Structures are given as structure tokens and as C-alpha cells.
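**Student:** Spelled out, the chains give:
Protein chains: 2
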Amino acid sequence: MSRATDMVPALRSLVGAEHVLTDPEQLVPYGHDESDLGDFPPQVVVRVGSASEVSAILRLCGDQGVPVTPSAARSGKSGGSLPVHGGLSLSVERLNRILAIRKEDLTGTVQAGVITGDYMKAVEAQGLFYPPDPASLAFCTLGGNVAENAGGPRALKYGVTREYILGLEVVLPTGEILRTGKRTIKGVAGYDITALIVGSEGMLGVVTEITTKLLPLPREVQTGLCLFKDSGAASRAVSAVLAAGVLPRALEFIDDVAIAASAAAKAPFQFPPSCGAAVLVEVDGNVPEACSREIERVGEICQREGAIDVLLAQSESQRRDIWETRRRVSINLKALHPLKISEDIAVPRSRIPDMVAEIRAIGGKLGLQVSCYGHAGDGNLHANVLYDRPEERPRVDEAVGDMLRAAIGMGGTITGEHGVGLAKKEFLELEQGPDLIALQRRLKALFDPKGILNPGKMFPGP
Amino acid sequence: MSRATDMVPALRSLVGAEHVLTDPEQLVPYGHDESDLGDFPPQVVVRVGSASEVSAILRLCGDQGVPVTPSAARSGKSGGSLPVHGGLSLSVERLNRILAIRKEDLTGTVQAGVITGDYMKAVEAQGLFYPPDPASLAFCTLGGNVAENAGGPRALKYGVTREYILGLEVVLPTGEILRTGKRTIKGVAGYDITALIVGSEGMLGVVTEITTKLLPLPREVQTGLCLFKDSGAASRAVSAVLAAGVLPRALEFIDDVAIAASAAAKAPFQFPPSCGAAVLVEVDGNVPEACSREIERVGEICQREGAIDVLLAQSESQRRDIWETRRRVSINLKALHPLKISEDIAVPRSRIPDMVAEIRAIGGKLGLQVSCYGHAGDGNLHANVLYDRPEERPRVDEAVGDMLRAAIGMGGTITGEHGVGLAKKEFLELEQGPDLIALQRRLKALFDPKGILNPGKMFPGP
Numbered sequence: 001m002s003r004a005t006d007m008v009p010a011l012r013s014l015v016g017a018e019h020v021l022t023d024p025e026q027l028v029p030y031g032h033d034e035s036d037l038g039d040f041p042p043q044v045v046v047r048v049g050s051a052s053e054v055s056a057i058l059r060l061c062g063d064q065g066v067p068v069t070p071s072a073a074r075s076g077k078s079g080g081s082l083p084v085h086g087g088l089s090l091s092v093e094r095l096n097r098i099l100a101i102r103k104e105d106l107t108g109t110v111q112a113g114v115i116t117g118d119y120m121k122a123v124e125a126q127g128l129f130y131p132p133d134p135a136s137l138a139f140c141t142l143g144g145n146v147a148e149n150a151g152g153p154r155a156l157k158y159g160v161t162r163e164y165i166l167g168l169e170v171v172l173p174t175g176e177i178l179r180t181g182k183r184t185i186k187g188v189a190g191y192d193i194t195a196l197i198v199g200s201e202g203m204l205g206v207v208t209e210i211t212t213k214l215l216p217l218p219r220e221v222q223t224g225l226c227l228f229k230d231s232g233a234a235s236r237a238v239s240a241v242l243a244a245g246v247l248p249r250a251l252e253f254i255d256d257v258a259i260a261a262s263a264a265a266k267a268p269f270q271f272p273p274s275c276g277a278a279v280l281v282e283v284d285g286n287v288p289e290a291c292s293r294e295i296e297r298v299g300e301i302c303q304r305e306g307a308i309d310v311l312l313a314q315s316e317s318q319r320r321d322i323w324e325t326r327r328r329v330s331i332n333l334k335a336l337h338p339l340k341i342s343e344d345i346a347v348p349r350s351r352i353p354d355m356v357a358e359i360r361a362i363g364g365k366l367g368l369q370v371s372c373y374g375h376a377g378d379g380n381l382h383a384n385v386l387y388d389r390p391e392e393r394p395r396v397d398e399a400v401g402d403m404l405r406a407a408i409g410m411g412g413t414i415t416g417e418h419g420v421g422l423a424k425k426e427f428l429e430l431e432q433g434p435d436l437i438a439l440q441r442r443l444k445a446l447f448d449p450k451g452i453l454n455p456g457k458m459f460p461g462p
Numbered sequence: 001m002s003r004a005t006d007m008v009p010a011l012r013s014l015v016g017a018e019h020v021l022t023d024p025e026q027l028v029p030y031g032h033d034e035s036d037l038g039d040f041p042p043q044v045v046v047r048v049g050s051a052s053e054v055s056a057i058l059r060l061c062g063d064q065g066v067p068v069t070p071s072a073a074r075s076g077k078s079g080g081s082l083p084v085h086g087g088l089s090l091s092v093e094r095l096n097r098i099l100a101i102r103k104e105d106l107t108g109t110v111q112a113g114v115i116t117g118d119y120m121k122a123v124e125a126q127g128l129f130y131p132p133d134p135a136s137l138a139f140c141t142l143g144g145n146v147a148e149n150a151g152g153p154r155a156l157k158y159g160v161t162r163e164y165i166l167g168l169e170v171v172l173p174t175g176e177i178l179r180t181g182k183r184t185i186k187g188v189a190g191y192d193i194t195a196l197i198v199g200s201e202g203m204l205g206v207v208t209e210i211t212t213k214l215l216p217l218p219r220e221v222q223t224g225l226c227l228f229k230d231s232g233a234a235s236r237a238v239s240a241v242l243a244a245g246v247l248p249r250a251l252e253f254i255d256d257v258a259i260a261a262s263a264a265a266k267a268p269f270q271f272p273p274s275c276g277a278a279v280l281v282e283v284d285g286n287v288p289e290a291c292s293r294e295i296e297r298v299g300e301i302c303q304r305e306g307a308i309d310v311l312l313a314q315s316e317s318q319r320r321d322i323w324e325t326r327r328r329v330s331i332n333l334k335a336l337h338p339l340k341i342s343e344d345i346a347v348p349r350s351r352i353p354d355m356v357a358e359i360r361a362i363g364g365k366l367g368l369q370v371s372c373y374g375h376a377g378d379g380n381l382h383a384n385v386l387y388d389r390p391e392e393r394p395r396v397d398e399a400v401g402d403m404l405r406a407a408i409g410m411g412g413t414i415t416g417e418h419g420v421g422l423a424k425k426e427f428l429e430l431e432q433g434p435d436l437i438a439l440q441r442r443l444k445a446l447f448d449p450k451g452i453l454n455p456g457k458m459f460p461g462p
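If you read the protein sequences in the order shown, they are chains W and G. Numbering-wise (our numbering), the first sequence opens with residue 1 and increments by one. Numbering-wise (our numbering), the second sequence opens with residue 1 and increments by one.
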């Protein structure tokens, strides 16, 4: 019996027996996420129904010294929801109600477990727009997006999750339920606790309710695909587009390996055989002619940089196929090799071609197949190291270390949007140095004096 | 002799005698800002030349228990730079170098004392764009903008200062010099200390260097002015424009009193006599026809809401005159009454007409002339209470209190962009409640255990 299982009767009376899971089979999924970092099942899962339940559970766990790891869809890429120290998995999946969409105010309020894609559809039905679009939008939650400060292709024009979060209901590890931020578009009263909670990877508090900014839905969207012979030309084209003063809403890079994986996995859009790299571009606005002119300009720049073809999506279904193919690259790479580690570096935009070349060189040197794709317009590249057998892992880790060090060497960061979590905690000091980490540890201790909330994440050490 | 003046020899040897001011006449300007809250001259002014000087001064003041208030252009509206507890005014005005503009990366780095308008001009010369445009841009500094998370008209489309700050060099009150954030567009490594420092009103650290995001400069800007008979119609038009799914880059409201003040002060643009309120609209983009179509749409909506005329700026000089007139409203109001208190509430967008009506009603009830203008598209209204003699101040304070309570009652905030500072510290609890303030006080103590940095601000009490 662990301290966590001792708490089961109390938890059952708090949230109802049906929302406390203890059967080992039920616990397994809560020990796994999309990071492929391993399996860390909790002792108990509690599916909470309200902020006051979260508060009571956190107080109880504080008293008993039981670790609590918040979870939702478990779609994270850095291990943020893995209960690495055991204890409780505190799932917000039942907090799945859209509470308000205020068309006249251009704001909305949701519970933390609402699926991002569901919220997008709901606001679009009212002519509104919630831009942040992580590739997992069909299953990830807004609570998870807030915890990780999720990005996505449209961040190029519209920014990341942070830019849309006006206010939160958050339960501190000590049990206080706070309402932070505002329901207005602007507001600067007090320190920006909301901004500090966004991206804090479920370590400073459990978010239960989220108020977001919304935009008017752009009336026109146009999507194109520029095909290149190789990655060098395609990555230089990304830099050239940005240097020309064009800022599409998305500018995504897809390399030869990702294209081969899409073919192997029979993705809905099939690239022509001559194509060794591609740049996906999307523009939006309210005036169709202006969008056409913008996307044509991108096409011209790409052709100057050696594009072998520029395709414009001719229908909504073709557009969907292209995006579906892009969004599934991460999963489809497993059609080439069953195992992979997905990195998430970002570099200054001018260094995109250098970084793409460097990633390929590191793979070549270590004899590993690598694939590099993602939000190149932001300088944010998902570098994947593919492998077949767990025994290859030390070499994979060497490649990952080399890539992260190369990104830092170019003035970049170890994580553009996936977070540090478990995946990169040993690399944080390389990027930030000891003083900044010491300050962050003091902040963590201020919010969570007993160290019960999501322990073992972000900072070097156990 | 105070402890601050005892430190003068040490300060002189640290920064050079010419940068330590002690002559009472030289001290006066550092005791005053644009808040009209009174005069609080420091005992000593130190004009620092580097982060390491800031660090040494903060350590010295920590040892001696001497208060330090950071300052720059002293253009703040909430008293953030006023040394209310005396001691040192630590001025970053000499840190006025633009260190880099990286066109290919769409980023730039400046010292904290660079004038915002100078930075804008420098990046525009390279075809780039720094959107945040506080009305004081001709003299305010980027360091001050970061401290207060400054807004401005373009925040409607482009967001406030926070959205453009990628990384900071900041000196903690305990003397550590930290580099926070990133130089890439995206990056989520660690807690977002940068976002916490932005808007912390010079209470958590002294910012010395700032890396900002930049955008490509829009190739086309069009400006119009919709004239109305009265404030009611104009404020309803603002809501109607937004409800129609149009998001111009600026949508500013100007009431009858502000128009009268512009006439009295002979502002460069003169409103026709029939005009009792106006809505200034500006759109931008890369395709002139698309901009024309957007601004025409705004004009049509305004006419449906009762506009008596819609003017389009016909030249760059007319555009400049209109904006100059708008930017000087705050100053020109003194042409009507020598004294004023400028409030800065924000409400949900749908409540703009209600709030405009409420502000006028409060003025009427208390027999005070009020003027209401500003970034109505964001729900952010500058409500000014005008008066002639200091003896009227209690009635003015009553009006201010009524306005702040009305804003909170509508789901709004006591400050959309000016900050809490000295001006609104007794109202923060009305908006945020005791628990959130207690957390912020703990944060302040973590950053500044000796309480030396900008004491007497933001929180209720002395």
C-alpha cells in the first residue's frame, strides 16, 4: 500500500467512486503520452469535476506528501503529464464544457478539458476565430495548451497560446482557488500571474477555467504547396519569403524523409516522385484578390529559389488533405522506423537553412535517419531521430544532444513549443544558466512549498 | 543627511561624479511624471551606464536599506516612476543605444532608455515594423513601455508591448544580472520570467536591455475619421464595427469635450462645428484595394449608426494632423481646465456604449466636466475628470472611484494600459481580491526580500 492508495476512500467520497481509478489496466494510459519517453503509471487517477474538488485533493495530497501530476489528453511531446514520481494523476478530462462564447466581446470561456478543435469549431460557427492550432488539435485540450503554451503553424502570423489567454481560474498547490487576469482585451492591473501560469507545464497550479481572446474569422483562406528538389533549396526559400516582407499565416517545411513517410503511410496527399522537400504556405484575409496576390508572391519567391512546382489547393477537400498530411508527419514517420525521438528546437529565422543542414549532418555522422519538418517560418523545427531497436537509444540521445547544442549555439532554444518537461530537463541549464534556473526553483517553491505538484520536471536532477 | 545622501561618494566612484545628481533643482524633474499625482523628488539621482552599475547600486542600496525607484522618461500616467519613499531615482536615460536590428530574423535589441519613436523610425527605415504606439511615443522609452506593458491605438490589431518582448536583460533587486527569454520568435523553455517582468511596474527588477519581435512593415495604411452628432451614436458605432467582424488596426473614440479641447488648443486638425463625437479608424495591409474596401466598410457601418460625415485622410500630412490631434487630447484638455485626473479603465467591448454613458452620468451627478476618449475598439477608455482648483480634489476622487467601480461592475479592469502604480493601488483589491494580492506580495518579497525596489506602489497601504 502506498500513501496514494491509502487516500482512495477519501478521494472517492470527494469526487464520487466512479471517478477514482485504481485498476492497473485503467492506470496504464495515464502513464503514457506522445513523448515516447516511457511508461510511468500513477497509483491512482482522479477525474475531477470542479475547481473545489481540485482544491480539496491538492490540500489532501499536501498533507500526505503525495505527488500530483495534472493530465488531460496526454498528447504532450515532452512528458509533462507523466507521473514520474508516481502518486496521483489528476485528470481534467471531465471539465469539458464551453461556458461562453461572447461574440460582441470577442472572448470565450471554457473549462480546461475542452478539446481545442471542438472550441475552434464552436467559435467558427459564430464567425469567430481561435488561431492557435497545435497538430494534435483533434484531441488535445485547451488546459494542456495553456500548460505548455502550445504553438502550431498559424503562430507565424497569429502568435502562440499565450497571446490568446486573458484570464484563468487556477488552483494553487496549496489549495487556493484564484481568478487571474481579466475578461477584457486589455488590462495591466497587478503582476501578470496569468502569463506566468501559461507555459508553466502544470507545475505552479492546476488550471480549471480559461478565458480566451477571439478574433473575427478571416473570410478567405488560400493554401499552396511549393515543391523543391531538396531540403537546402526549400529551407532557403523559407528565409527568402520572410526577408521579402511577406508574413503568411503559415509557412511549413517538410523534408524528404517526411515525404517518404507520407508515401509509406499512404497519407491523403501524395507528393510527386521528383519532390525532395516542400514548403506549405497559407494566407488569409478578408479580400480574396489580396490573398491571391500574397500567395502568388510567395510562389514567385519560391520559384526564384528553385521550386520545381507551385500548387494551389483547388478545393476545401484538397486543402484538408494537404494539412492532414502535414499534421500526420509525426505519426507517419513510424511507418519508416518504429521508434523515434521528436525534438523541437527554434533558431533565429536567418539560421533556418544552417539548422536544417546541421540536423542532417548530425544524422549522417551518427548513422541515424533524421527527419526535419515544421514551423520553419518561426524558426521552429521538429527534428526527429528515427530508430528501430531500444539498443540504439544511446546513439539517438547523442544525436539529440548534438542538435540541442547546435540550436543553442545559433542563438536558439531547446524548445520552441513542446516544453521542457521530462524530455529536456537536463538541457535547460545549457540554455539558461544557473542563476535563471535558481530563480525559477525559488518561484516553484513559492507556489508549491511542499513540492507535490508535477515533481521531477523542467529542472535538472531527480 | 539621509542614508541616500551618505551614499553619494560611493555612487560617484561607481558611475562617475557627473552622473550623480544631488542639486535640489536637478532633483525636481525626477519627482514628477505625467500622472499629476504630485511631486516626490528623490534625494539622489543616478544616471546609470550599464547593467553592472545597476547591479552594484542595487547591492549597495540593499545593504543600506535605501529605496530605489527606476526611471526613464517619466512619462508614466500612474506614478510608477515617482520616488514616493524618497531615496534614489535610478535613471536609465543614458542607456539609449539601439544595439541591433536583425532584418532577416525580424528581431531587434535595444537598451532600456531608447525612445520608442526613435526605435520605430529606425526599424521602419529597414522596412520593418514595431507596432506598440503609446501616445507619448515621441518621448517615452522602451524600458518604461516594458515596465508598464504599454499599449496604444494599434493594440487593437497588433496587441500590446508584451506581445513583442522576446527577451530581457534584467537586474534583480538583489543584484543578479539575468538574461531571460529568447532571441527566437518562439520558445517555451522554463517559466516565462520575461512575461512576468513585463508590466511589473519596475518593482521586480530593473530592465537594462530588451529584445523585441518585429514585423514586416505594412505597405499601405489608410486613415479615416467618422463624425457623429453625439457620443452615444459614436460609441455604438465602435461596437457595431467590431460586431461586423472588422478589426482595423486602430478604432479610437473622441468625445465632445475632447473635440472642444482640440479647438481651444488650436490642434492641427479642426473638427467641424456640428461634430459632437468622432471615431478615428485606421487600416493597414499590403494591398491598397483591400485596405480601401475595409475602410469603406467601416464608413458604411458608421453611417448606418448615424455618422454625419466620413472623411478619409487625403495625404500623409493630413493623416499626421489627425493623429497628432488625437495624441494631444490628453494635454489639450488642460486648455479647458488646468487640472485633471486621467483614468484608464477597460470594459468588455460590448459594454463600450454603457461605459461612455456611465462616465458622463458620473460627471453630471458630481458637477464635474469629464472627457472620455481612447482605444474604444479594445474597450479601453481614458476617462478624464477636469477641474480648476485643488480644493475640488475630493469630489474628483469620488468621481474616479465611481468610474473604477462601474468598470469593475461591467466585468472590466481599473487599468487597461497605464498601470496601477501610485494612482490606483487602493483600488486593486476591488478588482483582484485579497488572495491574488497576497500571492503577488509573496512574489514581490521573493524578488526583492529587502523591499528596496520601487516601494509604495501597486499594493494597498503605505
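Don't read these hints as lab results, they were simulated from the structure. On a predicted model such as this, the values are computed, not experimentally measured, just so you know. Glycine included, each C-beta is placed from N, C-alpha and C at the ideal position. Where hints are given, some of them may not hold.
Across the chosen pairs, the derived CB separations fall in these ranges [stated by the list, open to error]:
| # | chain 1 | residue 1 | chain 2 | residue 2 | range |
| --- | --- | --- | --- | --- | --- |
| 1 | W | Ala335 | G | Gln303 | 55 to 63 Å |
| 2 | W | Lys334 | G | Arg94 | 34 to 42 Å |
| 3 | G | Ala244 | W | Gln318 | 24 to 32 Å |
**Student:** Okay, G:Ala244 versus W:Gln318 on CB: inside 24 to 32 Å?
**Tutor:** holds (31 Å)
**Student:** Looking only at beta-carbon atoms, does the pair W:Lys334, G:Arg94 fall within the given range of 34 to 42 Å?
**Tutor:** violated (57 Å)
**Student:** Verify the CB-CB distance for W:Ala335 and G:Gln303 against the hinted window 55 to 63 Å.
**Tutor:** Hint holds: Cβ distance 59 Å, inside 55 to 63 Å.
Violation of the numbered hints given earlier is confined to hint 2; every other hint is satisfied by the structure.
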